[in-house]
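Protein sequences appear in the order of chains A, B, C and D.
Going by the working numbering, the first sequence opens with residue 89, and the numbers climb by one from there.
Going by the working numbering, the second sequence opens with residue 89, and the numbers climb by one from there.
Going by the working numbering, the third sequence opens with residue 89, and the numbers climb by one from there.
Going by the working numbering, the fourth sequence opens with residue 89, and the numbers climb by one from there.
Please note: incorrect hints may appear among the correct ones.
No distinction is drawn between identical chains; accordingly, a pair holds when it is met within one copy or between any pair of copies.
To be verified - DSBU-like cross-link-like pairs, simulated, lysine-lysine; straight-line CA separation at most 35 Å: (1) Lys220 with Lys172; (2) Lys211 with Lys199; (3) Lys187 with Lys208; (4) Lys208 with Lys220; (5) Lys211 with Lys187; (6) Lys154 with Lys208; (7) Lys187 with Lys225; (8) Lys154 with Lys211; (9) Lys191 with Lys208; (10) Lys172 with Lys225; (11) Lys211 with Lys191; (12) Lys225 with Lys211; (13) Lys208 with Lys225; (14) Lys187 with Lys172; (15) Lys191 with Lys172.
Calculated from the structure, these hints are not laboratory results.
Protein chains: 4
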Amino acid sequence: MIHELPVRVYYEDTDAGGVVYHANHLKFGERGRTEFLRATGFQNRNLHETLGVIFVVRHIEIDYLKTAHLDDMLVLETTISSLKNTSFTMHQALFRVDKNGAKEAQISDMKVALVCVDTKDYKPVRVPEEVKDVFQKYVE
Amino acid sequence: MIHELPVRVYYEDTDAGGVVYHANHLKFGERGRTEFLRATGFQNRNLHETLGVIFVVRHIEIDYLKTAHLDDMLVLETTISSLKNTSFTMHQALFRVDKNGAKEAQISDMKVALVCVDTKDYKPVRVPEEVKDVFQKYVE
Amino acid sequence: MIHELPVRVYYEDTDAGGVVYHANHLKFGERGRTEFLRATGFQNRNLHETLGVIFVVRHIEIDYLKTAHLDDMLVLETTISSLKNTSFTMHQALFRVDKNGAKEAQISDMKVALVCVDTKDYKPVRVPEEVKDVFQKYVE
Amino acid sequence: MIHELPVRVYYEDTDAGGVVYHANHLKFGERGRTEFLRATGFQNRNLHETLGVIFVVRHIEIDYLKTAHLDDMLVLETTISSLKNTSFTMHQALFRVDKNGAKEAQISDMKVALVCVDTKDYKPVRVPEEVKDVFQKYVE
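My request is simple: use the sequences and hints to build the entire structure.
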């Protein structure tokens with residue numbers, strides 16, 4: 089399975105080069121991961137309050153492939169590229185789409201490694217089984 | 089008429105006080121004005137390319153009424169509070185809504201004065217009649 | 089007295105219009121107020137931990153006068169425009185400066201009303217006398 | 089040689105987790121690279137106007153090692169980790185420093201690959217010799 093989030097480009101996202109500012113691709117990434125989690129039923133607050141864990145970003149790799157511009161309609165695809173005991177890696181591909189939602193070009197490609205830590209002392213702990221079960225469906 | 093834009097709060101919007109960072113209310117405002125324009129058929133690019141004008145923010149007044157938090161669902165209401173020859177003022181009210189979309193509390197209240205300028209020398213010009221006609225429907 | 093903060097414009101501050109994004113003037117404002125407080129010896133942490141209060145932004149009015157651009161050197165002047173029992177208003181004027189630091193043009197003008205609240209229940213309380221004494225020196 | 093940029097943490101940089109928002113490390117990175125270029129005499133505008141090239145971010149890898157917090161004083165160290173014909177990689181290490189400027193802990197570690205493109209058609213071109221000569225001094 090692939091999680092998809094539509095993203096519209098506003099002035100706030102752009103820079104004086106006329107393109108989406110490079111750091112803002114990571115903001116889009118966080119929106120995508122949050123909505124991915126919400127779609128699986130494990131949004132930030134639930135993870136924290138019910139399961140006593142949070143997912144912390146440990147490492148990001150991003151390739152900038154094409155530029156995105158003001159008013160562009162984008163779609164961010166999120167999948168799981170690897171799933172370990174206490175950590176997992178998400179793969180996020182950002183595309184520009186046309187009026188009909190068809191992909192025109194890939195804008196960037198991100199790998200985001202997250203660690204599952206408990207909310208008391210921020211030490212790595214196992215990803216909860218119920219979370220792992222759902223994530224499994226999104227493994228590439 | 090009132091234009092409504094749903095806004096979800098992500099980590100990118102918050103600060104270490106645990107609330108939506110005060111400057112980011114203005115980002116939400118710009119999203120709301122852009123989608124308002126798109127809804128009326130006059131999005132940024134069209135205004136620029138077809139009508140040779142852009143709307144420039146000249147003055148903002150904002151009241152911070154309540155705090156908004158991570159994962160909150162908000163709705164931003166945009167109307168026109170005054171419409172003059174070369175300028176107009178938009179009124180934007182940000183609310184927190186519950187799961188059913190019912191308004192729970194007003195978060196902030198913004199008045200944004202914009203000037204219509206031509207794209208050649210950035211001098212104030214009359215708001216195009218076709219834009220004014222549509223705006224008229226959103227006057228409070 | 090006037091507090092001055094130099095501000096350099098980076099890509100992160102700009103938008104596709106080629107200018108400093110309007111909401112980012114408020115970010116500069118917060119930097120200026122923070123450094124103003126630090127200069128008076130009452131930085132955020134001290135206010136919170138020692139005096140049990142924080143200053144919360146309640147209202148902002150901003151006039152956009154000229155545009156600022158990538159690589160511009162700016163200076164933000166901060167003063168107190170009014171000082172009441174439980175609140176005060178700061179005046180922040182943003183200027184572009186030349187290579188020698190001489191002011192060339194005013195970019196924006198901000199009035200920021202802050203309320204002093206206690207850190208337990210966020211109710212308005214009197215601005216601590218020692219803070220008021222120092223602020224008095226910066227009243228316009 | 090190592091280029092050093094001091095960075096103060098403001099509310100704008102933080103998120104509701106109480107730490108510097110992960111995407112904002114990249115903003116600090118851009119500030120550091122810009123000031124590095126300015127220190128070498130080749131700031132953005134000069135590169136563009138005199139040499140007809142700009143440096144475009146193609147790939148970023150970042151490790152998040154420790155968290156940074158509101159009011160922290162940081163220092164960002166920038167060096168060149170590899171220098172090729174049409175591209176180069178910058179290494180940026182972010183540290184928290186104490187009151188005396190001594191390094192306390194490394195916060196993050198970034199590798200940023202940039203491509204030299206000409207400003208007409210954005211095709212990769214050779215890094216100008218005069219730039220390469222200066223960069224050579226900062227190679228690790």
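Hints the structure fails to honour: Hint check: nothing fails, all pass.
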